[in-house]
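Asks: The listed protein sequences correspond, in order, to chains Y and S.
Counting from 29, one number per residue, gives the positions in the first sequence under the working numbering.
Counting from 4, one number per residue, gives the positions in the second sequence under the working numbering.
Simulated from the structure, these hints should not be mistaken for laboratory data.
Some hints here could point you the wrong way.
Computed Cβ-Cβ distance ranges for the label pairs, DEER-style [as the list claims (entries may be wrong)]:
#1 S:103 - Y:45: 21 to 31 Å
#2 Y:524 - S:63: 36 to 46 Å
#3 S:129 - Y:181: 33 to 43 Å
#4 Y:168 - S:83: 50 to 60 Å
#5 S:124 - Y:180: 29 to 39 Å
#6 S:46 - Y:168: 19 to 29 Å
#7 Y:404 - S:129: 54 to 64 Å
#8 S:66 - Y:184: 25 to 35 Å
#9 S:46 - Y:146: 50 to 60 Å
#10 S:9 - Y:531: 32 to 42 Å
#11 S:128 - Y:244: 23 to 33 Å
#12 Y:546 - S:104: 32 to 42 Å
#13 Y:524 - S:104: 30 to 40 Å
When the alpha-carbon atoms are kept at most 25 Å apart in a straight line, the in silico DSS-like pairs for lysine-lysine are as follows [to be verified]:
#14 Y:639 - Y:618
#15 S:41 - Y:235
#16 Y:176 - S:41
The model shown is predicted, which means the values in this text are computed figures rather than measured ones.
Every residue gets a Cβ at the ideal spot worked out from N, C-alpha and C, and that includes glycine.
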Amino acid sequence: MKGGYAGKILRVNLSSGEVMKEPTPEALIKNFVGARGFIAHTLYNEVPRGADPLGEDAKLMIATGPLTGLFIPSTGKAHVGGKSPLTGGYAEANFGGHFPVELKMAGYDMIIVEGRSDRPVYILIDDDEVTLEDASGLWGKGSFDSEKALDDQHGDDFQACVIGPAGENLVKIACISHDYGRQAGRTGLGAVMGSKKLKAVCVRGSKAIPVVDVAGLMKVGREMYRKSVQHPAFELWQTYGTSSVVNWSNRIGAFPTRNFQSGYFELFTNIAGPVMHREIVIHNKACFSCAMCCGKYAHAKTADYECYVEGPEYETTAMIGGCCALGNIKDIAYANFLCDDYGIDTISGGSIMGFAIECFEKGIITEKDTGGLKLTWGDPKAVFELIRMISYREHIGDVLAEGSRAAALKLGKGSTDFAIQMKGLEQSGYESRRAPAMQLSYMTSDIGAHHRPSWAVTHDLRTGREATEGKAEKVIELQHTRPLFDTLGVCRLPWIEMELPVEDYAEAFRCATGLDYKVEDLYKISERVWNLTRMFWVREFPDFGRAYDLPPNRITREPILSGPTKGAVLPQEKIDIMLDDYYSRRGWTKDGVPTDRKLKELGLDKLVKEKG
Amino acid sequence: MKISKDESRCTGCRTCQLVCALCHYNENNPKKAAIGIKGQFPEPGGYRISICTQCGKCIEACPQGAISNVDGVIRIDEDKCDYCQVCVDACPFGAIFVHREFKIPFICDLCGECVEICPTKALFWRQ
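Use the sequences and the hints to build the structure in full.
Replies: This is how it looks when you write it as structure tokens:
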């Protein structure tokens with residue numbers, strides 16, 4: 029391979045201490061392209077069926093794509109993946125920042141971490157030199173202190189990703205943090221690092237990323253930057269980032285409030301973009317090569333606390349602000365800081381805390397379970413304390429640290445009805461009982477109920493919020509487009525918000541690699557990866573099928589309590605209509621399993637046959 | 004003319020570094036940029052930009068007399084430079100850079116590509 033790739037895969041076995049460098053296989057590049065594709069293939073190919081996600085056989089992949097680090101907007105993304113300790117299925121999360129380009133410039137397209145160390149370690153990469161270092165001095169430290177300590181020791185021209193105490197304590201919603209505020213948040217991959225006693229990966233690279241057609245890349249890159257800064261939404265995005273979504277989400281009744289009892293939070297104006305901008309934002313903070321810059325760095329100070337934190341992003345405001353009913357932006361910022369520092373995902377964290385508060389309200393958990401802590405809606409101190417209890421697995425925190433599905437199964441008393449998760453992953457920040465395509469997106473997402481692969485709320489608004497027709501088709505289109513960015517190793521947001529055309533990305537890919545893939549070829553690769561991640565679920569769960577795609581009863585039976593979507597449910601009949609349509613369009617069985625014919629068409633039949 | 008900065012506008016995206024190295028070395032390698040961007044995290048937040056102001060401290064410091072101001076641009080004479088890197092330490096702005104692959108340090112030549120690309124206008128021309 030001439031360009032677009034660093035050319036090597038770094039394999040580190042923590043059991044034996046062995047470090048290996050392998051050429052990035054041509055066939056892997058050709059068929060799976062990068063980042064997410066590399067992870068899906070490696071996981072299916074290398075991790076044995078039934079492996080314990082926190083055991084010796086589990087592997088953790090950190091992967092970049094062919095466009096990562098290149099001169100087009102927002103190429104600072106790395107994907108982390110493996111088998112999820114939270115769901116037992118396919119796990120993938122990504123973080124932006126500066127680590128990904130550093131890894132690639134050190135010469136590696138992907139790191140595969142294998143085995144398990146018996147003492148805390150971190151991986152230190154300085155171009156070709158790769159060593160395992162003692163991390164006992166970092167173990168127990170928060171994410172911020174850990175990253176700072178590595179900066180101080182090695183110099184700030186190194187980039188680090190770290191776990192906090194939650195990852196060490198194998199909390200199943202633990203995240204991986206980088207750049208003082210960027211997280212690979214979802215699916216509990218921080219716990220996978222923790223199980224391997226891997227506190228951090230710290231990297232410095234000095235090498236150019238090979239590019240076949242430099243002049244061509246510069247041309248398309250300049251064009252993409254020009255389109256971005258001239259876009260009408262550029263200024264708005266620069267000013268507010270994702271926090272501008274808070275107002276809109278409430279106006280359309282999609283803001284997850286009090287554990288998804290409502291789609292409207294009566295205090296939303298106190299936590300929306302303009303207030304956040306005025307009261308706490310101190311600086312804009314972009315990922316590598318990003319023009320639009322969704323990152324807002326904040327400083328929140330009250331009589332009780334003070335913190336510096338990146339965010340809160342929309343999702344954090346929705347899941348901690350809405351779900352737990354916190355109506356003060358500073359409180360949300362501080363909760364965000366605690367989640368980041370202890371190292372838990374704010375989406376799952378917010379959802380689980382909302383679930384816990386509702387359980388307390390209904391008497392399913394009591395002060396006996398919480399060590400005397402009263403859980404009520406809108407109480408910031410209870411939320412701060414819950415974050416700590418989950419991270420250190422204290423009292424009820426030990427149950428909640430397993431995720432809302434497992435917690436509900438343990439607590440019983442009907443609580444599974446309002447544990448808002450699918451496949452074990454807590455649903456992210458859009459209440460979707462009146463957004464059928466969005467609910468279908470959550471139901472069929474390949475990591476559990478997450479919005480990254482398909483976000484279809486605006487499609488529902490355009491085509492009818494009750495309608496089911498055409499929704500499956502749109503969701504599939506989105507599931508092939510959005511994860512394409514995750515495969516190329518770039519952020520999808522400039523495509524969405526600055527409306528950069530997919531063709532520009534295909535052109536950048538051609539300039540970088542010399543591979544003449546048309547947009548349709550890239551979509552085909554997306555479909556291949558999507559079917560492979562689906563097959564991972566099929567392989568891991570003997571009873572895998574339609575039931576795994578269903579939402580909890582709250583969505584199908586309980587009307588939304590207030591706001592513009594008051595009274596709405598998404599009845600089971602509609603869900604069945606959409607799922608039938610979805611499976612059929614995908615070439616899957618009526619139970620949602622890819623057919624042999626589909627696997628053959630996508631060139632996956634051999635892999636699936638060999639690896640069971 | 005010199006390139007001036009407004010650090011309050013810098014988002015740390017480092018697109019300036021990408022374009023700098025592409026224009027000077029035909030390489031996608033932000034580590035070969037003659038402009039420095041350092042994050043100030045976790046506290047107090049924000050970024051420091053290092054770029055040549057033509058102050059001339061490096062000219063005074065160079066033991067070989069290899070550095071001069073040619074028509075308002077600081078130049079390092081490759082034939083005279085003996086790679087001692089005294090200039091790198093002498094620069095009050097941290098705006099002289101080194102890279103593993105180069106013996107000779109490098110410095111901004113005022114080509115202005117970074118000013119052109121900066122998405123937030125954190126870099127601009129000043130007389």
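Asks: Does each hint hold? Answer for all of them.
Replies: Structure-based check of all given hints:
Taking 21 to 31 Å as the suggested C-beta distance range, the pair residue 103 of chain S and residue 45 of chain Y conforms, at roughly 27 Å. For the pair residue 524 of chain Y and residue 63 of chain S, the beta carbons lie near 52 Å from each other, so the given range of 36 to 46 Å is not met. Take residue 129 of chain S and residue 181 of chain Y: their Cβ atoms lie about 38 Å apart, and the range 33 to 43 Å holds. One distance hint, 50 to 60 Å for the beta-carbon pair residue 168 of chain Y and residue 83 of chain S, holds here, with the actual separation near 53 Å.
For the pair residue 124 of chain S and residue 180 of chain Y, the supplied restraint of 29 to 39 Å holds, since their beta-carbon distance comes to about 33 Å. As the Cβ distance of residue 46 of chain S to residue 168 of chain Y is approximately 21 Å, the hint placing it in 19 to 29 Å holds. In this structure the supplied range 54 to 64 Å holds for residue 404 of chain Y paired with residue 129 of chain S, their Cβ-Cβ distance being about 57 Å. Remark: the range hint 25 to 35 Å for residue 66 of chain S to residue 184 of chain Y is upheld by a beta-carbon distance near 29 Å.
About 35 Å separates the C-beta atoms of residue 46 of chain S and residue 146 of chain Y, a value inconsistent with the hinted range of 50 to 60 Å. Distance hint check for residue 9 of chain S and residue 531 of chain Y: the Cβ-Cβ separation is about 34 Å, which falls inside the suggested range of 32 to 42 Å. The hinted window of 23 to 33 Å between residue 128 of chain S and residue 244 of chain Y holds, with their beta carbons roughly 28 Å apart. Distance hint check for residue 546 of chain Y and residue 104 of chain S: the Cβ-Cβ separation is about 36 Å, which falls inside the suggested range of 32 to 42 Å.
For the hinted restraint 30 to 40 Å between residue 524 of chain Y and residue 104 of chain S, the CB-CB distance of approximately 38 Å keeps it satisfied. Taken as a hint, the residue 639 of chain Y and residue 618 of chain Y pair is honoured in the structure, with Cα atoms around 24 Å apart against an allowance of 25 Å. Pair hint residue 41 of chain S plus residue 235 of chain Y holds up; C-alpha atoms about 19 Å apart against a cutoff of 25 Å. Under the criterion of a C-alpha separation no larger than 25 Å, the hint pairing residue 176 of chain Y with residue 41 of chain S is consistent with the structure, at around 14 Å.
Checked against the numbered hints given earlier, the structure breaks hints 2 and 9 and satisfies all the rest.
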